[in-house]
Amino acid sequence: MSTPKSLNPSKNGTRTTARSREKVTKLHFYFQDVLGGEYPTVVKVAEASSTSNSTTNFGRISMLDDLLTVGPEPDSQKLGRAQGTIGFSDLSETSLQMVINLVFSVH
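FYI, the numbering for the sequence shown is 1 to 107, going by UniProt numbering.
It is worth saying that the hints were derived from the structure and are not from the lab. A couple of the hints might just be wrong.
What the hints assert, rightly or not - Cβ pair distances, simulated, as ranges:
| hint | residue 1 | residue 2 | range |
| --- | --- | --- | --- |
| 1 | GLN83 | THR51 | 18 to 26 Å |
| 2 | GLN83 | HIS28 | 13 to 21 Å |
| 3 | GLN97 | THR25 | 22 to 30 Å |
| 4 | LYS23 | GLU47 | 36 to 44 Å |
| 5 | ASP75 | LEU27 | 14 to 22 Å |
| 6 | GLU47 | LYS26 | 18 to 26 Å |
| 7 | GLU38 | THR94 | 20 to 28 Å |
| 8 | VAL24 | GLU47 | 21 to 29 Å |
| 9 | SER50 | GLY71 | 38 to 46 Å |
To be verified - Once the Cα atoms are required to be at most 30 Å apart in a straight line, the calculated BS3-like pairs of lysine-lysine come out as:
| hint | residue 1 | residue 2 |
| --- | --- | --- |
| 10 | LYS23 | LYS44 |
| 11 | LYS26 | LYS78 |
| 12 | LYS78 | LYS23 |
Backbone N, C-alpha and C fix where the C-beta goes; we use that ideal spot for every residue, glycine too.
The whole structure should be built from the sequences, with the hints applied where relevant.
Structural data, given as structure tokens:
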């Protein structure tokens, strides 16, 4: 399997800056978030006793294991998974705190 263009640094804008010699790589991929149905990829694991009265879901914690793909379609080429936690973290506005590991499985 060849590396998709979106993850191939030589074709995707990798460059070395003159000042720092740091490489910059731009990655482009899609999260396939499934919130309901028979096989959701995001599930609620905990919530505060006050969460049900909150307009922002404050106190709710969810886990995710989303498919990462080359294109927006769920059946486009698979690149890996996004796995982690999501916490609703604001009392007055919808705000998320996300901790996510990106696990790329393309060789």
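Evaluated hints:
At roughly 23 Å, the beta carbons of GLN83 and THR51 sit within the given window of 18 to 26 Å. In this structure, GLN83 and HIS28 meet the distance hint of 13 to 21 Å, their C-beta atoms being roughly 19 Å apart. The supplied range of 22 to 30 Å is met by GLN97 and THR25, whose beta-carbon atoms lie about 26 Å from each other. LYS23 and GLU47 have their C-beta atoms about 42 Å apart, which keeps the hinted 36 to 44 Å range intact.
Look at ASP75 against LEU27: about 21 Å separates their beta carbons, and that is inside 14 to 22 Å. For GLU47 and LYS26, the Cβ-Cβ distance of about 37 Å falls outside the hinted range of 18 to 26 Å, so the restraint is violated. Distance hint for GLU38 and THR94: a CB-CB separation of about 27 Å, consistent with the stated range 20 to 28 Å. Between VAL24 and GLU47 the Cβ separation comes to about 39 Å, which falls outside the hinted range of 21 to 29 Å.
The hint said 38 to 46 Å for the Cβ distance between SER50 and GLY71, and at roughly 40 Å that hint holds. A distance of roughly 38 Å separates the Cα atoms of LYS23 and LYS44; the hinted pair therefore is violated under the 30 Å criterion. With a C-alpha separation of about 18 Å, the suggested pairing of LYS26 with LYS78 holds against the 30 Å cut-off. For the hint pairing LYS78 with LYS23, the CA-to-CA distance comes to about 25 Å; that is within 30 Å, so the pair holds.
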